[in-house]
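J.: Line by line, the protein sequences give chains A and B. Quick note on numbering: numbering that gives the first Met the number 0 labels position 387 of the first sequence as 386, and the sequence is numbered without any gaps. Quick note on numbering: numbering that gives the first Met the number 0 labels position 148 of the second sequence as 147, and the sequence is numbered without any gaps.
Among the clues, some could well be false.
Said to hold, decoys possible - Subject to a maximum C-alpha distance of 27 Å in a straight line, what follows is the list of computed DSS-like cross-link-like pairs (lysine-lysine): (1) B/Lys374 / A/Lys96; (2) A/Lys407 / A/Lys365; (3) B/Lys238 / A/Lys51; (4) A/Lys422 / A/Lys389; (5) A/Lys50 / B/Lys96; (6) B/Lys11 / A/Lys125; (7) B/Lys50 / A/Lys96; (8) A/Lys125 / B/Lys391; (9) A/Lys336 / A/Lys433; (10) B/Lys238 / A/Lys361; (11) B/Lys374 / A/Lys235; (12) A/Lys339 / B/Lys258; (13) B/Lys365 / A/Lys238; (14) A/Lys373 / B/Lys235; (15) A/Lys1 / B/Lys166; (16) A/Lys374 / B/Lys50; (17) A/Lys235 / B/Lys373; (18) A/Lys125 / B/Lys80; (19) A/Lys96 / B/Lys80; (20) B/Lys51 / A/Lys373; (21) A/Lys391 / B/Lys125; (22) B/Lys224 / B/Lys190; (23) B/Lys360 / A/Lys125; (24) B/Lys360 / A/Lys238; (25) A/Lys353 / B/Lys125.
Said to hold, decoys possible - Some but not every residue of chain B turned toward chain A, in silico, with C-beta under 8 Å: (26) Glu53; (27) Pro71; (28) Arg98; (29) Tyr124; (30) Trp136.
What the hints assert, rightly or not - Computed far set for chain A versus chain B, every beta-carbon distance over 10 Å: (31) Arg145; (32) Lys238; (33) Leu241; (34) Thr247; (35) Asn332.
It is worth saying that the hints were derived from the structure and are not from the lab. Beta carbons are placed, not taken as given, at the ideal position from N, Cα and C, and that holds for glycine.
Number of protein chains: 2
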Amino acid sequence: MKLSELFLPIVKDIPTDAKIKSHQLMIRSGMIRQSAAGIYSWLPLGFRVLKKIEQIVREEQDFAGAQEMLMPTIQSADLWKESGRYDGYGLEMLRIKDRQDRELLYGPTNEELITQIFRDNVKSYKSLPLILYHIQWKFRDEIRPRFGIMRCREFLMKDSYSFDLTKEESNHSYNKMFYAYLRTFERLELKALPMVADTGPIGGDLSHEFIILAETGESQIYTNKKLLDLKISDFKNDKESLKSMVDTYASFYSATDEKFDQVEFDKKVKKEDQLITRGIEVGHIFHFGDKYSKPMNAMVNSSTGTNTTVQMGSYGIGVSRLVGAIIEANYNNNVMKWPKSVTPFQVAIINLGKKNDEICKKKADKLYHLLNEKKIEVLLDDTDESPASKFKNFDLIGIPYQVIIGSKQAENEYEFKEITSDKINLSLDELVKKIENLYLN
Amino acid sequence: MKLSELFLPIVKDIPTDAKIKSHQLMIRSGMIRQSAAGIYSWLPLGFRVLKKIEQIVREEQDFAGAQEMLMPTIQSADLWKESGRYDGYGLEMLRIKDRQDRELLYGPTNEELITQIFRDNVKSYKSLPLILYHIQWKFRDEIRPRFGIMRCREFLMKDSYSFDLTKEESNHSYNKMFYAYLRTFERLELKALPMVADTGPIGGDLSHEFIILAETGESQIYTNKKLLDLKISDFKNDKESLKSMVDTYASFYSATDEKFDQVEFDKKVKKEDQLITRGIEVGHIFHFGDKYSKPMNAMVNSSTGTNTTVQMGSYGIGVSRLVGAIIEANYNNNVMKWPKSVTPFQVAIINLGKKNDEICKKKADKLYHLLNEKKIEVLLDDTDESPASKFKNFDLIGIPYQVIIGSKQAENEYEFKEITSDKINLSLDELVKKIENLYLN
């Protein structure tokens, strides 16, 4: 893509209403624009990142054996009356009446709808275990939306739902999702700490939040530094190993202020290991047994022919919120550096040649076509802006690798720079090999 | 994927409320389930088809130089008051009040929102031409939703918006989309006829509908048989050639009953070329000049420094509706055959061996793993159902190619069958080569 053609409205000044750095960057780099209070449009740059995160979330759900489907955004209120949550959910639920005066709502979550789908379509234990998920827009009518897409009203969530015959199998589904979440956040180069959490309006007996460490986070967290050293590659993907993994994580004290207990913290964590900081919730998983399946009669025939209420769990990841969390973790000293896995473009070519410098232009175009042919996603700066302005823009765009082309270079010489690192000079061959190694292997 | 693990609730009987064949098939083959009146959930089989269609639509938009973004589902009513459409849109617009009593709505289309985004972010003619698009769920509160996802309330639409400085350039954007639409429908193996259409609530001076021929279609159409013989490969992707393409298509009489004129029809089309049938609208494109940009003040600086109101067009494809249209075109005599480009799985392996037939099982598993390794999407029937029942299920699932494994075959013999054609016997090597030729070349 050529920068002159990309719809990328960059803003030079920090918007006054943007209090945290992810909100500032997303406005300044033209990733999003607010369309109504707490409701955002994703412009091409932001959309590219969002889609890549979504795809990683999807691949790890598929890897865990979950099956993708898609439930609608608008639900019938009747379902929520069946589960008993309609009245209790409060003002955060966007309630709607259609032209026939039927009560609808914009789904804030999907436990009821998926339970209905399961109940109407699955009859036998042979169809279990089953994990279904979808990635769909949700709406929560926040009283005070703020922090850009971090605390907005319309947001993209991945939510999975597990169905099992027994509590033990249901716990295994929970562990599989726990593992999938750790793998997902690792691919996003985020350090996510699981911590025991309140179950809130979802309900149930077991719940973990996944929290990204960030000073600008909304929750105070109290944890054990040693938790940061655990490696998911130490655990295998089988029933026993996954159980021991969850037990290992759970053996370290870790809590948000909601669940924090000073006495327990001091008892379980040595002073030198205590880590008190802030964090951003990016995932939340719940085991809630028959909380929905019982009132909604979601039952299967067991192998002995008796009707059994299924055991369920639900598992959410804030896909759009992850964009903000990744920025909070990677935007420092006014320079953004996207992780390779989700960067909107893989390589930037910055042509510093003057408007009529045909040699620079030819060099830039040649590299651009070469990388495009190799399916490397390139953003070529072909504009007439000043070098200083170009570098400032690319500090906001955050592409991790830059190739700089200028009139003082030799013919077969290119400046290559990992953002925030020093530049090196490479020949075309070396350069292409370097980029291939970064992305294609 | 193994059929025993796939969430695929097949229904043996034709649902009584499903009047058209696409609705019947989608319920019977477990592609969709209704969640509320005119609101559907997409189960895994339906979801896979939907995503593939979406991807083809996306690729052709990108090829035409349109840039993808994503606008939210919920919009502010204020915008629609600016354009003057809020009061006139009628009961089909789902109007919502949030907890602060602000007027919102579920977007039925996005002319206003994209015009606002353009107005706030583009200042110079140098940013033109610009085509932006998104693929997002829309809601129209149909008084009588019916025919499954063909006339539902929540539906997936691709909508593009073009911005140009002059009428002439704007017409070129229109022609580019016209071409992209023909290419899109061709990849879906659909015969789509463009016809001059009313502009309705979108407005403007020029508009074409793209209509798929289908006896169960909602619109009566009057056209010239010769239009079916035009080939888009005869036209090149440059300004002149695209103009001549649109002119060529426009030179044939073609109209829905809304615009039909018997006298003109008889004058322009020879009796033997007259084709009167029914069709399904799957796309609709509009050129409307300054209809939105003028009241909403969407202007750019021209090269001479004067403020100029931009010329706009909008271009919609019914992505979810296309699933139904493809079924109407390809589901005959109770057998569905998906086009290769959107089939939910590329190959079916149907193991007819009895429950304990280890030889058949081994053979099926071997082929299954081999094809999976080659990234061929396989659905392996590993269930205990009877052969008759298996074939009936696969007539509904509609995978175009089947490999049948049975106990009477030689060790290195496989039955290969294109659905609705005769079967042939192939060795493993021949079989794999055949499948690779179908999908990987």
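J.: Now, for every hint given, state plainly whether the structure supports it.
T.: Each hint tested on the structure:
Note on B/Lys374 and A/Lys96: the hinted pairing is violated, with a Cα-Cα distance of about 46 Å set against a maximum of 27 Å. Of the supplied pair hints, the one linking A/Lys407 and A/Lys365 holds, its CA atoms being roughly 18 Å apart against a limit of 27 Å. Between B/Lys238 and A/Lys51 the CA atoms are separated by roughly 34 Å; this puts the pair beyond 27 Å, and the hint is violated. For the suggested pair A/Lys422 and A/Lys389, the alpha carbons sit about 16 Å apart, so the restraint of at most 27 Å is met.
Restraint check for A/Lys50 and B/Lys96: not satisfied, since their Cα atoms lie roughly 30 Å apart, outside the 27 Å limit. For a cut-off of 27 Å, the pair hint linking B/Lys11 to A/Lys125 stands: about 19 Å separates their Cα positions. Between B/Lys50 and A/Lys96 the CA atoms are separated by roughly 30 Å; this puts the pair beyond 27 Å, and the hint is violated. Note on A/Lys125 and B/Lys391: the hinted pairing holds, with a Cα-Cα distance of about 21 Å set against a maximum of 27 Å.
A hinted pair counts as satisfied when its Cα atoms are at most 27 Å apart, and A/Lys336 with A/Lys433 qualifies at roughly 18 Å. Taken as a hint, the B/Lys238 and A/Lys361 pair is honoured in the structure, with Cα atoms around 26 Å apart against an allowance of 27 Å. Note on B/Lys374 and A/Lys235: the hinted pairing holds, with a Cα-Cα distance of about 25 Å set against a maximum of 27 Å. The suggested pairing of A/Lys339 with B/Lys258 is violated, with an alpha-carbon distance near 53 Å, which exceeds 27 Å.
For the given pair, B/Lys365 sits about 26 Å from A/Lys238 by alpha-carbon distance, which is consistent with the 27 Å threshold. For the suggested pair A/Lys373 and B/Lys235, the alpha carbons sit about 25 Å apart, so the restraint of at most 27 Å is met. Using a Cα cut-off of 27 Å, the hinted pair A/Lys1 and B/Lys166 holds, with the two alpha carbons roughly 25 Å apart. With a C-alpha separation of about 22 Å, the suggested pair A/Lys374 and B/Lys50 falls inside the 27 Å cut-off, and the hint holds.
Taken as a hint, the A/Lys235 and B/Lys373 pair is honoured in the structure, with Cα atoms around 25 Å apart against an allowance of 27 Å. With a C-alpha separation of about 55 Å, the suggested pairing of A/Lys125 with B/Lys80 is violated against the 27 Å cut-off. Restraint check for A/Lys96 and B/Lys80: the C-alpha separation of about 21 Å stays at or below 27 Å, so the hint holds. For the suggested pair B/Lys51 and A/Lys373, the alpha carbons sit about 24 Å apart, so the restraint of at most 27 Å is met.
Under the criterion of a C-alpha separation no larger than 27 Å, the hint pairing A/Lys391 with B/Lys125 is consistent with the structure, at around 21 Å. Taking the CA atoms of B/Lys224 and B/Lys190, the gap is near 12 Å; set against the 27 Å cutoff, the hint holds. With a C-alpha separation of about 19 Å, the suggested pairing of B/Lys360 with A/Lys125 holds against the 27 Å cut-off. Between B/Lys360 and A/Lys238 the CA atoms are separated by roughly 26 Å; this keeps the pair inside 27 Å, and the hint holds.
For the suggested pair A/Lys353 and B/Lys125, the alpha carbons sit about 18 Å apart, so the restraint of at most 27 Å is met. At about 11 Å, the closest approach between the beta carbon of B/Glu53 and any beta carbon in chain A exceeds 8 Å, and the interface hint on this residue is violated. Hint status for B/Pro71 relative to chain A: holds, with the closest Cβ pair at about 5 Å, below 8 Å. Restraint check, B/Arg98 versus chain A: the minimum CB separation of about 4 Å is within 8 Å; hint holds.
Because the closest C-beta pair between B/Tyr124 and chain A is about 13 Å apart, greater than 8 Å, the hint is violated. Satisfaction of the interface hint for B/Trp136 is found here, the shortest Cβ-Cβ separation to chain A being roughly 6 Å, below the 8 Å cut-off. Non-interface call for A/Arg145 relative to chain B: holds, since the shortest CB-CB distance, roughly 14 Å, exceeds 10 Å. Residue placement check: A/Lys238 keeps its beta carbon more than 10 Å from all beta carbons of chain B (closest about 17 Å).
Distance check for A/Leu241 against chain B: the nearest CB is about 19 Å away, which clears 10 Å, and the non-interface claim stands. Look at A/Thr247: its CB is around 29 Å from the nearest CB on chain B, clear of 10 Å, so calling it non-interface holds up. Under the 10 Å C-beta cut-off, the non-interface status given to A/Asn332 relative to chain B holds; the minimum distance is some 27 Å.
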